[in-house]
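Trainee: Single-letter residue listing:
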Amino acid sequence: MREAIDILDARRRQVHTKGAQPFQLDCEKHSVAGSVSQRACVFCGSRVVLYPITDALHLVHGPIGCAAYTWDIRGAQSSGSQLHRMSFSTDLREKDVIYGGEKKCETALIELIGRYRPKAAFVYATCIVGLIGDDLEAVCRRVTAQTGVETIPVHSEGFAGSKKDGYTAACAALDRLVGSSESPPPDGPSINILGDFNIAGETWVIRDYYERMGVNVISTITGDGRVDDIRRAHHAQLNVVQCSGSMKGLARLMKQKYDIPFVHVSYFGLEDVSKALYDVAETFNDPAMMQRTKRLVRDEISAVMPRLRRYRDALQGKKAAVYTGGAFKAFSLVRSLRTLGVQTVIAGSQTGNPQDYQQLESLCDDGTVLLDDTNPLELAKFIDQTGADLLIGGVKERPIAYKLGVAFCDHNHERKRCLAGYEGMVNFANEVYSSVCSPVWSLSPRKQHASSVKRSIAPGPLVTADAGLPLNAKVPQCPTAATAPSPGSDSQACGVCQLKAHCSGLAAQETETA
Amino acid sequence: MMTDQGSSFVATRNACKMCTPLGACLAFSGVEGCLPFLHGSQGCSTYIRRYLISHFREPMDIASSNFDEQSAIFGGQNNLSIGLRHVLESYRPKAVGIATTCLSETIGDDVSMFLNEFRSEQAGNTDLSIPPLIHASTPSYHGSHFDGYTEAVAAIVDTLAEGGKRQDDLVNILPFIVSPADLRHLREIVHDFRLTPILTPDYSDRLDGPPWQQYQRIPDGGTPIDMIRRCGTAAASIQLGDTPTGRTAAGILAAKFDVPAMVLPMPIGVRASDQMFGVLEKVSGRPTPQHHTAERGRLVDSYIDAHKYIFGKRAIVFGDEDFVVSTVGFLAEIGIQTVLCGSGGQSGTLKASINRIEMGPSEPPRVIEGVDFEDLTEAAADVHADLMIGHSKGYKLARQLGIPLVRIGLPVHDRFGASRMLHVGYRGTQQLFDRIVNTLLEQRQDISEMGYTYL
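Note that the protein sequences, when read in sequence, are chains A and B. Going by my numbering, the first sequence opens with residue 1, and the numbers climb by one from there. Going by my numbering, the second sequence opens with residue 1001, and the numbers climb by one from there.
This is chain B alone, in the form it adopts within the complex (with noise of 0.2 Å):
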């Protein structure tokens, strides 16, 4: 088995990640009424906010201290403050989310002081009530996007979670970056075991919403604070996910409250589906409803019928690592060999998930940790892959390499319906299966002098 670490080159040619503060405002933007805040400089919040917005086509409106010169000598004590003042009085969040960038966090600014004091100076104003303030370390230079997210899921838990008598109907879910439906979709799937999900974070209604009659400060959705308070009374964590390498809101509620965490694969495929309904019937005591097995039979059913037309192709799959290690093992199970993969986050752990999985009659794949796309485009000169299941990022490479690129993840800027896309369970899988094997037919039928008229 091949496996490295990419290339030897200095430079990041095309990264295939974001940067940290990204990642923190994503989760930010997943509690109710929460207001993402960068304390920085002007450009990261517009950077940010013009990515994201590709992505979900949706407002997402993030606050900045905006550094000047005098901050980043003097420190952004001020412009914080004078910032959070200003967001409290024109967007009334229930919740602000602080994200430190490599400016702040450089010139070593001590945010949670930071806040101590403003809350201080502000607790005689009567004109001002003060909601949480939650604040993630995100130095962009240290990890990725992912590692901002995992971060600022555990910052949003540590900052609100309460303890007290255990509820055994409460289940915290803990998933990594999913989409909306995604998360629409693993909300749907507690309440059927008769659970009740705290989701967090939830940005399935505020980045995916309808339209306004009038214009919302912070749309609504998200996970609302009170039941985030309640956290640390769940029966159990079921974090959806197993690569993050800081600390996770499923290891402080452990610590914490004493919260059982079990840390489960990103649930794409009938085998990674199964261990999330096992687990769910453990919490719950009851066998998983009965139209859930229904949809894992007509999953199982539909790849017995497609097997043909896939098995034996050749896959390249990339993105943040939890897609990669779940895709990987989905397309096992469904007779796809994966030739390659790579990852643009650096957990240290992709390589050893990926040896993990059970690869049929397949090679196991050459993996890639901390790859951007020019390692990728290297790796993939002489690997005669058949397709490319990942990100929009990908697609220079796909048509270099004249072959398909089926998108899942996060960014989907090039196509509609990033936040309708379902990975997860087996009706996320379904939709994920039938669109790599149309994918494939559809070339097939292209190239085909006569075309493949029926199957």
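The following block holds chain A by itself, in its conformation from the complex (with noise of 0.2 Å):
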């Protein structure tokens, strides 16, 4: 028999049934001490944001731990320099607490970029630094004045509230840096690419549409980022933001400041994706580039979709469960596995608001329960109830899946697959489905004991399709040594229904494939 796991009563009001009673949820609270909440701290969210800036330094003033932890564990890639990858620490010692450790972080700034000679550093204060008042702001003054290197103190303190606290903190450091350039601005229509990090090379897929489009792209912040782009991002007419948790401070300082309007997007899905484009194509009010874009949608989605249905046969009727950082994932996400023709029976986040959450309800089924900085007790009981077949979450999230015998997918920093534009809904689905789908899951304990779980295996030719691991799967490439990728053929487009929003009008008819 199965023993019941309960909600702690301090959790009770931040889980929700949709359609078991009117929408409430509570969200954006502290997490409750002892719930082991899968959050991380101020200063992840801040090294999160600023990590993939890769020509600027990034010491981290505290012990050795909060470096340790984060040491090229992203998987945000760069087409020139590397150092963002390097883990620098002022790994403080007994008596830098007791005496100070503004001294030591002078000195480590100074050798360290007299060593590496970056384009500007950002010094990361953690909790202890926060309690022994270290006074970062005068450190960084001194030694930009030193170095000539811009110094930038990043407030983001542990302990001085949650992740998303962290990402203000950055996007305050970050707006040191835009508009202190005063190289002229560009010709054209241009933008700046906020909120997407980068990750196995997604930045430069993004980045290829737009300019396929005919936009310039000043500065992608901060994937792939570089500290002098970032320094002309206010020449840009349009912010374009995803990740928007992260990211909107940014682009809402460069309104005040600047007047750079901003729009949200999500490259992650195929309505998603085309929709930022057809957004950003609308801001510039030019029918030349509107027809581009609608050409770029059309080619990429036919070039994607008899792959996708080949998925969606495989995939129909099974249940996901999803776990996010931010909410605005998440409803990427519950769109994209419904392209896929599964169903979201979880969905969460770490940080999401009110709004987020109204939103994501409104996306869902009736039954799917909704959940704010859970815990692995409660996404396991849930898991339980609700019969899923997958759960797409972080790292930390992964053996819960694992031990209950249903598959898992990685959809956060860490992963190494392209899952965003078109081809990474590709790769989106080819992971899903290689791992729902694989016969693993028939010997775990749990799916032998529930004997009522249908299995279906898809047979060969969809494995030596586009199976394989990352791989074997198409990787986009560094820009400096990228040829243009060749566009889909003039097959039509759009077979799946919740894509006729953007694509009505351009090739309705479904393609069938051999």
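I should point out that these hints are in silico values taken from the structure, not numbers from a laboratory. Using N, Cα and C, we set each Cβ at its ideal position, and we do this for glycine too.
Only some residues are given here: those of chain B computed to face chain A with a beta carbon under 10 Å:
#: 1; residue: F1037
#: 2; residue: T1046
#: 3; residue: S1064
#: 4; residue: Y1091
Hints in hand, dock the two standalone chains.
Mentor: Here is the structure:
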């Protein structure tokens, strides 16, 4: 007999089942002590955002753990400098805690800047620095004066809020760089790409779309980021913000200071990436650009649809649980899964706000369990209750799924495979398919026990078509080495009804594939 | 002989260590039904969980008292008490292992007092039974993950062990950080001497277990608490590793209950394993069982069969100090010369321990304590090494040097089977030996035009 897992009283209002009662979900609360939250801290939020600025020096001011656990952990790629992949720490010791760490921090910065000649330096304050009261502003001012390399403090003391507050601290640090270049603005329509982190080369994929539309990309903040580009970012006519939780702060600051409008987008799933490109094209109000955009969307969708349809046939009727860092990605995942015939039965995030959850609820089917800042016990409980076949989350969620004999797909900053854009959707479908349909689950005790679970293992051809580990997948190329990708054939597009809003009038006829 | 203390750089660049609370969490995971609990801010538990999951690929629930600014200013007592209530309610642990972080240590939280007050507050609460609460003081600015581990094992024994009539068949086995496969093998060896081991900690099942039919709040496995209570009555304590700087479980048991402490190097290699088997012979009064001597014989035989392919090769060894010391000793006995070795740890004894090793025809290596990977990179530039032996973090340097890395110890997060890697005893040495020989042969085969198809 199963032993019921209860929800802690203090967390009951952060769990909601759609349709069971009127919608109400508590969120944006500090994690309940002892709840084994999947969330990280303020420092983590800042580190995530600033990490992919590749030609900057990133010094973690604190004991070794904070730097050790963030050493080269993310899949943010660079087309040039690899300095961001180094892990620098002041590795504070007892005497620094007693006498203060300013001197050590300053000496460390000066020698690191001397050795690595970065374009700028970020210094992250950790818990302990907040406590011992090191004046990082003063340290950074002195180092900037002495070295000529702009040195920027990041106020990311771990205990001073949640991961979201770390995003704010990172945006404040970036704000110091933006607008500090005197180079002239480029000709033609121009944007900044905000909130894409170039995981597995995703920024390159997105950048390529915009360039094919005829849009200049001034800076990519922060994926494959460059300090000099960020200094010029104020010249852009539009900020295109993905991962709104992390970078909306910077977009807002740039709206106030430079009157640059911004749009929210997502690059995950056919629907959302198409909408992103159309939204940007609409902003520039240029019929030729809109034409180019329509062609791009049509070509890309034509190229991927036949492949996706075969995955959908294999996955139809499966159920998924989605637990992401930000809520915005959860929307895209629910839609993407629907494109693949997979129903979302659990959806949640670490940091959603009330509007996010309202939108998430309206997107999901009745019976879907919504979770804010959940923990392993709750996730396991609801996976069990809903019979989910798949969990999408980060590394900390993986063993929960595997222990229960449930497929898992990594969709956080550590993933090694490009999941953004059109080709990314195929990679995503392949990854979901190759886990959900793996024969290994049939041996797991839970599946053997639940005889009612229907198993379907798709046969060979699909495996040979797109299967394979990330090594074999189509890998975005570093732009410095890339040739122009060949556009899709002239075959017709859009076989997925959810895409009609964005593809109607282009080519509605479904393509039958061999 | 060259020895030194690392570079003069103030910053640590690509650390060769992890933080103190990580080690404590690992140790607490080796006690049956024990939930690790970090007293500090949220991020520490999340990072440590994430890091250990990559190595062990198992659930790693670590609770946190989730400090906010208020707790940082006014103290964390309230958070600790709420957090404990919540974990007792939802996880129903048989023990809670509480490790402090740099944050709670620096504001001066008196955790022992908080725990006493928590116990007396809850004394009348019949709904909530309070299991043992084990407290390890682990400020991360003091030592490394290794010290956190040592301190937590000491705290486990200090909190739980009781005295009593001496049990001749009972022996405390106190290994430092090894793999689940190593822990299983150690248990088996001790049983083979018809002794009952109290292996503390023992995360072999918890961090390397089967999939489940239903979710386990806390996975099965771990040293039973009742057994740890009996530590004080054991015939002896065998501590496997000789570099800790702080208090040790073996030391506590000797001081409190007069349990003789035998401190040995980690048993990697024939000689180091012989030492462990010798001690077990002494404690049990029985000779080493035949299948172990047979294993030893086969190991020595394989040394002989393979010696031509490895003699004189040059190795860089890095990682936890005990691993480094024992690996250097093992390499010396098979004719591989360690040219450089380093550890992120700073016990101050590494150099002396390396000096005690019988080096045979080899020159002693250069030894660097408190090393990071940039120090190691600089030192490695002109040593002309053929291979590296250490954990996954050495990959970048191995790639740069164009030499293979044989992965041992913690963390191994870029290969499968970290939990199944055996390092200790004749059997563990055999596996390690075969991996090293085959790694070198593979490289030789790869670069040879004709390939080496027969040896």
